[in-house]
Amino acid sequence: MKTIRDALVIAWINGWIAATRGWIWVIGGSVSPVSFLVVLAIYGGAEGLKWGLVGGFIWTIASNGIGLIGDATYYRLGIKYQSMLAAAPVSPAGYALGLALSAFVFALPTLVVYLVVMWWLGLWMLTPASLYALTALWLASAGIGFTLAGLIKHMRYAWALPQILSAVFTVGAPVYYPATRLPSPYLGIVLPTGAAAVMIHDSTGLIHYGPYLTSAAAVALALQSAIGLYFLFKLARWRQP
Amino acid sequence: MIVCQDVGRRYGDFWALRGVTFEAGRGVVLGVLGPNGAGKTTLVRILTTELMPSEGRALVAGFDVVKEPEKVRKVIAAVPQESRPIDFLTPYEFVFSYLLLRGLSLGEARRRTREVLQVFGLWEVRNREVDALSGGMKRRVLVAAVFAADAEVVFLDEPTTGLDVYSRRLVWNAVSELKKRGATVVLTTHYVEEAAALSDVVLVLNKGRVVDFAPPDKLVEKVPGRYVVEVYGADGRVAEGERVLEIGGRRLYYVEKPPEALSLDGAKVVVRPKSLEDYVLLTVGAIEESEEGYEDD
Numbered sequence: 021m022k023t024i025r026d027a028l029v030i031a032w033i034n035g036w037i038a039a040t041r042g043w044i045w046v047i048g049g050s051v052s053p054v055s056f057l058v059v060l061a062i063y064g065g066a067e068g069l070k071w072g073l074v075g076g077f078i079w080t081i082a083s084n085g086i087g088l089i090g091d092a093t094y095y096r097l098g099i100k101y102q103s104m105l106a107a108a109p110v111s112p113a114g115y116a117l118g119l120a121l122s123a124f125v126f127a128l129p130t131l132v133v134y135l136v137v138m139w140w141l142g143l144w145m146l147t148p149a150s151l152y153a154l155t156a157l158w159l160a161s162a163g164i165g166f167t168l169a170g171l172i173k174h175m176r177y178a179w180a181l182p183q184i185l186s187a188v189f190t191v192g193a194p195v196y197y198p199a200t201r202l203p204s205p206y207l208g209i210v211l212p213t214g215a216a217a218v219m220i221h222d223s224t225g226l227i228h229y230g231p232y233l234t235s236a237a238a239v240a241l242a243l244q245s246a247i248g249l250y251f252l253f254k255l256a257r258w259r260q261p
Numbered sequence: 170m171i172v173c174q175d176v177g178r179r180y181g182d183f184w185a186l187r188g189v190t191f192e193a194g195r196g197v198v199l200g201v202l203g204p205n206g207a208g209k210t211t212l213v214r215i216l217t218t219e220l221m222p223s224e225g226r227a228l229v230a231g232f233d234v235v236k237e238p239e240k241v242r243k244v245i246a247a248v249p250q251e252s253r254p255i256d257f258l259t260p261y262e263f264v265f266s267y268l269l270l271r272g273l274s275l276g277e278a279r280r281r282t283r284e285v286l287q288v289f290g291l292w293e294v295r296n297r298e299v300d301a302l303s304g305g306m307k308r309r310v311l312v313a314a315v316f317a318a319d320a321e322v323v324f325l326d327e328p329t330t331g332l333d334v335y336s337r338r339l340v341w342n343a344v345s346e347l348k349k350r351g352a353t354v355v356l357t358t359h360y361v362e363e364a365a366a367l368s369d370v371v372l373v374l375n376k377g378r379v380v381d382f383a384p385p386d387k388l389v390e391k392v393p394g395r396y397v398v399e400v401y402g403a404d405g406r407v408a409e410g411e412r413v414l415e416i417g418g419r420r421l422y423y424v425e426k427p428p429e430a431l432s433l434d435g436a437k438v439v440v441r442p443k444s445l446e447d448y449v450l451l452t453v454g455a456i457e458e459s460e461e462g463y464e465d466d
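Taken in sequence, the protein lines are chains A and B. The first sequence begins at 21 in our numbering and counts up one residue at a time. The second sequence begins at 170 in our numbering and counts up one residue at a time.
Calculated from the structure, these hints are not laboratory results. Honestly, I wouldn't trust all of these hints.
[As the list claims (entries may be wrong)] The calculated DSS-like cross-link candidates involving lysine-lysine, where the alpha carbons are at most 30 Å apart (straight line), are:
| id | chain 1 | residue 1 | chain 2 | residue 2 |
| --- | --- | --- | --- | --- |
| 1 | A | LYS22 | B | LYS243 |
| 2 | B | LYS349 | A | LYS254 |
| 3 | B | LYS426 | A | LYS100 |
| 4 | B | LYS240 | A | LYS22 |
| 5 | B | LYS236 | A | LYS254 |
| 6 | B | LYS243 | A | LYS100 |
The shape of chain A in the complex, shown without the other chains (with noise of 0.2 Å):
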């Protein structure tokens, strides 16, 4: 409880706070998606306009455990606030849930958007594969932003790491495009965001893998957040070795 508690007041401050009164970052974390979004749109008519949704979405939720990277690395280096609440009885999983959390708040503004203009143009989000797909994206995500913000050492890296992985997690795998276009669709769920993709893709008709291709994707994705969830709650410490 105290956990869940921990990571809801680090969301009021550092995600509805922030955003509420920094509108700027709420449209700067939209900006990319919706840049793949009109090109896409623009080469592949409705048809790109939906691959464009369905990624960007993706991206979106990806980019709440990627982004987490600045603001833990902020806090820790810049103005010791993780110091402060580490000779605290806060728990370091809350902390890190929350940070994310709070870049969920940041990015609900246009995941409501995203799924407006989805439901529009007949395309159901809401699945329950998909729900766990994003659910799970979430808290791998998480687990990976949290664990490469407690590696970085000077505070420039942590504005240069997100944009780096970003790119990795989004065009390395097939999030924007079907898995078929890999070697071996196999290949895309290697990242957390291919796998996640892959169930998404599937279950929102964009296309169909067929059963072994989605199973293994969902297999892959509770591994990912597993692991990524074993970061945060085990090596994910507040103390330096």
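Keeping the supplied structure of chain A fixed, place chain B upon it in accordance with the hints.
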């Protein structure tokens, strides 16, 4: 309340802290003095469970910092070195959220936040974003949050660095009030007069080792003479002291009696009673960057 037995911390081949042994009881203000790189912040980070010691054992409020970190965290609060409150929050939001994170109920957190902001002179600016506050006010917001936590052991790592004289005194009041409540306060500072005024006992560190551990007046007793004649800009020896210390073009003469007449053309002369600062100058030397200092300190 705090027990350290041979505590050490190594980074590769470099020992940032070694063989640190001392005890400080309940309701004691422990001043930690030393130059940059002395190991002050390394010691604080070990005691606040943020850094693993390489050797030795440390207890805070009876709990082992390595084996029982969760129990230690429940009874401590800290203002880390060079920390700042989150800039887009207001002082009210910062203190309130900190208390909620410590596990206080909504009502209790509200009550304490209001009370502490009044005590620290921040009530008028409670709804202004921290970004718009002066440096002194920002620092006071941090100290206020920790003060409101009502912890058994409070760590203040250089809490008054860069503060104006008014803000410094508000922090000093907080330290005195914490002591009155029975809390143990660990205060690291560069300001020797601050350590002298507030501390019951002073731990002097240099290059990661304990130089001395005693009440401030006992340390001052170790300084020769009773007065200090400090002269700047005069050639040659101008007084006979029990000991003479040279710092660049400045000479400090440690004497039993202040000289009756000292007329030196163009030289600046100050005669004052000896203090803890003289002890630090004579035993530790210059408060400057240690060549081997670790980034923590």
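Outcome of the hint check:
A hinted pair counts as satisfied when its Cα atoms are at most 30 Å apart, and LYS22 of chain A with LYS243 of chain B qualifies at roughly 13 Å. Between LYS349 of chain B and LYS254 of chain A the alpha-carbon distance is near 39 Å, which puts this suggested pair outside the 30 Å criterion. At most 30 Å may separate the alpha-carbon atoms for a hinted pair to count; LYS426 of chain B and LYS100 of chain A exceed this at roughly 48 Å. Of the pairs offered as hints, the one joining LYS240 of chain B and LYS22 of chain A holds, with about 15 Å between alpha carbons and a cut-off of 30 Å not exceeded.
Between LYS236 of chain B and LYS254 of chain A the CA atoms are separated by roughly 16 Å; this keeps the pair inside 30 Å, and the hint holds. Pair hint LYS243 of chain B plus LYS100 of chain A holds up; C-alpha atoms about 19 Å apart against a cutoff of 30 Å.
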